[in-house]
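Please take these sequences and the hints and turn them into a complete structure.
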Amino acid sequence: MNLWRLLFRLICTAVLVFLIAPILAVIPLSFSSNSILSYPLPGLSLRWYESVLTSPKWYVAFANSLIIGVAATVVSVVLGTLASFGLARRKGWVASAVRVLILSPMIVPIVLVAVALYLFLAPLQLTNTMAGMILAHIVVAVPFVVIPVLTAIEQLDDNLGRAAAACGARPLTAFWRVTLPSISSAMASGALFAFAASFDDVVIALFVAGPDQRTLPREMYSGLRETISPELTAVATIMMVFSTMLFLLMQTLQRRRRRMLQSAVRR
Amino acid sequence: MARSRKTVLLLPLTGFLLVFFVLPMAWFLSYAVREAEVPRALPETLEVLAGWTLGQPVPEAVYSAMARDMVEAADSGTMANAARRINYELAGSRSALTKAARQVRKSDPAVTFDEAFFRSVDPILTSPEFFAVMKRAGAAVSDHYLLAAFDLQKAPDGKIVAVPEESRLYIAVLLRTLQISALVMGACLVLGFPVAVLLATSSEKVADAILILVMLPFWTSLLVRTTAWIVLLQKEGIINSALLSLGLISEPLAMIFNRMGVVIAMTHVLLPFMILPLYSTLKAIPPGYMRAAASLGARPLTAFFRVYLPLAVPGIAAGCIMVFILSVGYYVTPALVGGPADQMLSAFVANYTTGTGNWGLASALGLILLVVTAALYLLAQRLSGGRAISLG
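Chain order of the listed sequences is A and B. Going by this note's numbering, the first sequence opens with residue 1, and the numbers climb by one from there. Going by this note's numbering, the second sequence opens with residue 1, and the numbers climb by one from there.
No lab work stands behind these hints, which were simulated from the structure alone. Heads up, some of the hints might be wrong.
Covered stretches of chain B, going by a simulated chain A footprint (3 or more residues, C-beta under 8 Å) [as the list claims (entries may be wrong)]:
(1) 50–56
(2) 78–90
(3) 168–177
(4) 215–222
(5) 231–243
(6) 358–366
Per label pair, the in silico range of CB-to-CB distance [claimed, not checked]:
(7) A:P211 with B:R382: 31 to 37 Å
(8) A:E226 with B:E115: 51 to 57 Å
(9) A:Q254 with B:L246: 53 to 59 Å
(10) B:P164 with A:S96: 24 to 30 Å
(11) A:V241 with B:V161: 54 to 60 Å
(12) B:F150 with A:F175: 34 to 40 Å
(13) B:P286 with A:T13: 22 to 28 Å
(14) B:G186 with A:R256: 24 to 30 Å
(15) A:C167 with B:R306: 31 to 37 Å
Here the structure is a predicted model, which means the values were calculated and not measured. No residue lacks a Cβ here, since even glycine has one placed at the ideal position from N, Cα and C.
Shown next, in the form of structure tokens:
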């Protein structure tokens, strides 16, 4: 029995190492002083970071990723929140059809979305433009907003609105001061998911972006198709720091949401 | 809130998705059953051919009509597309048509474009098969691409037959796609199940810590993870150089740019999608059940197989289908860590859209991919009672 338990623990540890170790193994290599991507490191240096941070290619790619990600997120949050209010607690075939419509960009293979948008946006002169990239990213980012926000709205206590009205708040005031704050953390986590979806995309960027809209993953994709250089491990490390920050932010938000839910239940 | 006001709130997003998602998808998928090239390039020829069927003599008027179409079409470059389309079904006609178009435009206005003229350019241009293909490719709707996606074609007499053995490809690609997805799904289940059990049986604090280890790679960019695997597995990579210096191997192992690399990297990416639904199912199994089984005299293995596993089946199914759906449509990872023999359906869709520009075939293959995905998704919905999609 104890042997089984030991074996079980060993297997689990191995799987967790499989999940984490490859990502972590890249980090030390980015500080290597020469270009051989293996251990032991010949010496430490920051030369690859220097070459990344001083190269306009990576700087532009990072800026593009940020601009496209933020713009797509803002539009997704607005459209997604409106639609969530429209969908909440609504039954019937219209509501189910709209639900399927909103979720389907998550299920349809991303290559098909990218190819379809490429063929559709090209005659509209929207490929190779920022606007085209943002439009395309909204399509894939919006389900990530609707899922948490819709759940949060459906969990809202109807009495909150009534109480606000009873206290003399006009509907719009009640919305801004009671409803919106109660779903704000769901909106924030939806926004984070949406941003991450946009920030991580490479397939849409491959088809819709031109040379001037190249995003960070798109540049990394080109880099990986050639011989892989230590410069890429430096970019990967920077991106890892960035996504870990997003992840920690997400954790904080989710903890806050859970606490709010729990306190609401207790009351 | 009033119903009509709620509908107004739905309109912006619904409208946006109809225009920028449904419409593009429908337009792209319509290429699978649409013939665009030949009707655009050869309208007059097709008109003459309307009353003709294979077996009858080719009407003489066809040749002058074809020459007029060539003069009209050559400027806009549509003839090249039409020539390529006809060439899919009749090899050799592309160069012949291009050559003929060039000669027609160059010739003296006094030249009559008749059968003899086209025969002198290339005899293929006067063969009844050529016109049969042209007529079929000139129909507004055709099953050519859908058949081609299943390695089938229409013989000149209209019968559906398999394409010659050496040009069969897409059935193999479909099977390969399903096979890689099944491998990844199996690997995710084998690796993910123990971790899900560990998560479900640990205290909340420990489970939270393990979940962070599971979710962190989930949030790490796909490209970063692909970089990591290439660095680890390549010929001069970390694993090979470690094994070499330990003397365990004498030559570097080929672990990447082949099927193995694809499966390893995809399993790494998709493992969280298996662990999370499994965990939420396993957490709901009351620990008392296993104790009850033990007190009734079941040995641990018996209790596991007869009590625990059946209760875990919904989670296993949800996780497996989720991983399978995601891997069927995978593009980036096989493109970066696979060899030419590991490219899946999505790679062919992508290459035919940009590379050779065979939109009809790209669309037909895309349709297959979409149908497979939708069928699996509906199955997942059925099994989970409408909650197939969840986010960590």
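Taking the hints in turn, this is what the structure says about them:
Coverage of the stretch 50–56 of chain B by chain A is violated [criterion: at least 3 residues with CB-CB distance below 8 Å; count 0]. Counting residues of the stretch 78–90 of chain B whose CB lies closer than 8 Å to any CB of chain A gives 0, so the stated coverage by that chain is violated, three being the minimum. For the stretch 168–177 of chain B, the assignment as covered by chain A is violated, since 0 residues bring a beta-carbon within under 8 Å of that chain's beta-carbons and 3 are needed. For the stretch 215–222 of chain B, the assignment as covered by chain A holds, since 7 residues bring a beta-carbon within under 8 Å of that chain's beta-carbons and 3 suffice.
Proximity of the stretch 231–243 of chain B to chain A, defined as three or more residues with a beta carbon under 8 Å from a beta carbon of that chain, is established by the 8 residues found. Note: the stretch 358–366 of chain B has 3 residues with beta-carbon separation from chain A under 8 Å; the three-residue rule is met and the coverage holds. A hinted range of 31 to 37 Å is violated for the C-beta pair A:P211 and B:R382, which are about 46 Å apart. Range check, A:E226 to B:E115: about 54 Å between beta-carbon atoms, so the 51 to 57 Å window is met.
At about 43 Å, the CB distance of A:Q254 to B:L246 disagrees with the hint of 53 to 59 Å. Between B:P164 and A:S96, the C-beta spacing of about 47 Å breaks the proposed range 24 to 30 Å. About 58 Å separates the C-beta atoms of A:V241 and B:V161, a value consistent with the hinted range of 54 to 60 Å. Range check, B:F150 to A:F175: about 54 Å between beta-carbon atoms, so the 34 to 40 Å window is missed.
Here the CB-CB span from B:P286 to A:T13 is close to 27 Å, well matched to the stated 22 to 28 Å. Checking the proposed 24 to 30 Å range against B:G186 and A:R256 shows it is violated: the Cβ atoms sit about 38 Å from each other. For A:C167 and B:R306, the hinted distance range of 31 to 37 Å is not satisfied, since their beta carbons lie about 58 Å from each other.
Violation of the numbered hints given earlier is confined to hints 1, 2, 3, 7, 9, 10, 12, 14, 15; the remaining hints are satisfied by the structure.
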